[in-house]
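A.B. asks: Protein sequence lines, in the order shown, are assigned to chains A and B. The first sequence lines up with residues 0 to 173 when you count with numbering that gives the first Met the number 0. The second sequence lines up with residues 0 to 173 when you count with numbering that gives the first Met the number 0.
Treat each hint with caution, since some may be false.
Since the list gives no way to pick one copy over another, a pair counts as held whenever it fits inside one copy or between any two copies.
Said to hold, decoys possible - Calculated pairs, BS3-like style, for lysine-lysine (alpha carbon to alpha carbon, straight line, at most 27 Å):
| no. | residue 1 | residue 2 |
| --- | --- | --- |
| 1 | Lys111 | Lys168 |
| 2 | Lys151 | Lys168 |
| 3 | Lys74 | Lys151 |
| 4 | Lys168 | Lys74 |
| 5 | Lys167 | Lys74 |
| 6 | Lys151 | Lys99 |
| 7 | Lys99 | Lys111 |
| 8 | Lys167 | Lys151 |
| 9 | Lys111 | Lys74 |
| 10 | Lys160 | Lys99 |
| 11 | Lys167 | Lys111 |
| 12 | Lys111 | Lys151 |
| 13 | Lys74 | Lys160 |
| 14 | Lys99 | Lys74 |
Since the hints were made in silico from the structure, they are not lab data. None of these values were measured; they are calculated from a predicted model.
There are 2 protein chains.
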Amino acid sequence: MNDIVVLRIGHRPERDQRVTTHVGLTSRALGARGMFLSGNDSGVVRSIRDVVERWGGEFFVRDGVSWRQCIREWKETGGCVVHLTMYGESLADHEDELRKMERIMVIVGAEKVPGEIYGLANYNISVTSQPHSEISSLAVFLDRLFQGDELKREFPGGHMKIIPSQNKKTTEEI
Amino acid sequence: MNDIVVLRIGHRPERDQRVTTHVGLTSRALGARGMFLSGNDSGVVRSIRDVVERWGGEFFVRDGVSWRQCIREWKETGGCVVHLTMYGESLADHEDELRKMERIMVIVGAEKVPGEIYGLANYNISVTSQPHSEISSLAVFLDRLFQGDELKREFPGGHMKIIPSQNKKTTEEI
Numbered sequence: 000m001n002d003i004v005v006l007r008i009g010h011r012p013e014r015d016q017r018v019t020t021h022v023g024l025t026s027r028a029l030g031a032r033g034m035f036l037s038g039n040d041s042g043v044v045r046s047i048r049d050v051v052e053r054w055g056g057e058f059f060v061r062d063g064v065s066w067r068q069c070i071r072e073w074k075e076t077g078g079c080v081v082h083l084t085m086y087g088e089s090l091a092d093h094e095d096e097l098r099k100m101e102r103i104m105v106i107v108g109a110e111k112v113p114g115e116i117y118g119l120a121n122y123n124i125s126v127t128s129q130p131h132s133e134i135s136s137l138a139v140f141l142d143r144l145f146q147g148d149e150l151k152r153e154f155p156g157g158h159m160k161i162i163p164s165q166n167k168k169t170t171e172e173i
Numbered sequence: 000m001n002d003i004v005v006l007r008i009g010h011r012p013e014r015d016q017r018v019t020t021h022v023g024l025t026s027r028a029l030g031a032r033g034m035f036l037s038g039n040d041s042g043v044v045r046s047i048r049d050v051v052e053r054w055g056g057e058f059f060v061r062d063g064v065s066w067r068q069c070i071r072e073w074k075e076t077g078g079c080v081v082h083l084t085m086y087g088e089s090l091a092d093h094e095d096e097l098r099k100m101e102r103i104m105v106i107v108g109a110e111k112v113p114g115e116i117y118g119l120a121n122y123n124i125s126v127t128s129q130p131h132s133e134i135s136s137l138a139v140f141l142d143r144l145f146q147g148d149e150l151k152r153e154f155p156g157g158h159m160k161i162i163p164s165q166n167k168k169t170t171e172e173i
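Based on the sequences and whatever the hints tell you, model everything.
C.D. replies: The structure is reproduced here in structure tokens:
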């Protein structure tokens, strides 16, 4: 599978804590390797690390990064940068091409994204040109990139596991 | 396209306003016909109606519904009910079957979902058995159900439209 990391920018601690946590958990569940968070929020970091600890896998989360530096380093080491934005080009028109990239940094913004990001990204990609949610854009992006392989992933090393069921909650503690 | 409505349950006005708004906007952008909200939240209703007014289409949102009655009426008129839950059966195993259903009500819960829902739903379906986000589960569900056709939808009657661009924000006011 491609090596995908997510860079969350524009996070406002008082307002975006839950949405950013959902961004992180979606990244993890749908096959990304980790999330960089521009800005500091130990609450978000703790929530996500707690899920990793309980549910397994090796997802990383790092806050307090500078987005400019993070993007620069990724590009310098040959990685591709994709900014998800409703203003971008259609995902459907680029997904085959993107699937060939070994390493992708996916930038997911909150309400206001600095104009500079549009120029720094190798691709500005939209999941519909309608307003919805950075969480849903990221989910559709990852599912299409991995073509469903991410849904079969195992997360070794956790203490909790769900046994899929037709009509009840079955959890196994390991 | 199949007729899809979303039923959001367990909404807590003080806590879930943004997440529920994202659920509604994701439903709209990815091809659902409307959202029922169990509980009252005029703020969420206003935000979503405001997007419909500006961006077009005919998405409905109705709060203050009783989830029991909503589900009962849907089933009585021949509709299928799908509850999205990390405890359910894998989406990949059921998507072909679900695509044949003409009318689907998708139930999207907040943190605590009454046990009764598991029995009332025709299907309990998971998008991975890992904790992530009801918004991302819904997004992957809709994208797979419509097989990408929803990304090409037009939303007639709005005042705003985006012109997809490689590297800038281009909006047209109509």
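A.B. asks: Cα distance capped at 27 Å. Does Lys167 pair with Lys111 within a copy, between copies, both, or neither?
C.D. replies: Between copies, since 14 Å is at most 27 Å while 41 Å is not.
A.B. asks: If the cutoff is 27 Å on CA atoms, where do Lys111 and Lys74 land: within, between, both or neither? Let me know, please.
C.D. replies: Answer is within; shortest intra-copy Cα gap is 23 Å, inter-copy 42 Å.
A.B. asks: Should Lys99 paired with Lys74 be assigned to within, between, both, or neither, using CA atoms and 27 Å as the limit?
C.D. replies: within (16 Å within a copy, 44 Å between copies)
A.B. asks: Is the C-alpha distance from Lys151 to Lys168 at most 27 Å within one copy, between copies, in both cases, or in neither?
C.D. replies: within (19 Å within a copy, 37 Å between copies)
A.B. asks: Treating 27 Å as the Cα threshold, decide for Lys151 and Lys99: within, between, both or neither.
C.D. replies: Classified as both; 20 Å inside a copy, 24 Å across copies.
A.B. asks: Given a CA cutoff of 27 Å, do Lys111 and Lys168 count as a within-copy pair, a between-copy pair, both, or neither?
C.D. replies: Classified as between; 12 Å across copies, 39 Å inside a copy.
A.B. asks: Is it within a copy, between copies, both, or neither that the alpha carbon of Lys74 lies no farther than 27 Å from that of Lys160?
C.D. replies: Intra 37 Å, inter 32 Å, cutoff 27 Å: neither.
A.B. asks: How do Lys168 and Lys74 come out at 27 Å by Cα distance, when the copy is not named: within, between, both, or neither?
C.D. replies: between (44 Å within a copy, 23 Å between copies)
A.B. asks: At 27 Å max between alpha carbons, let me know whether Lys111 reaches Lys151 within a copy, between copies, both or neither.
C.D. replies: between (34 Å within a copy, 25 Å between copies)
A.B. asks: If the cutoff is 27 Å on CA atoms, where do Lys74 and Lys151 land: within, between, both or neither? Let me know, please.
C.D. replies: neither (30 Å within a copy, 31 Å between copies)
A.B. asks: Is it within a copy, between copies, both, or neither that the alpha carbon of Lys167 lies no farther than 27 Å from that of Lys151?
C.D. replies: Within one copy only: 20 Å inside a chain, 36 Å across chains, cut-off 27 Å.
A.B. asks: Checking Lys160 and Lys99: alpha-carbon separation at most 27 Å within a copy, between copies, both or neither?
C.D. replies: neither (32 Å within a copy, 31 Å between copies)
Checked against the numbered hints given earlier, this structure breaks hints 3, 7, 10 and 13; the rest are met.
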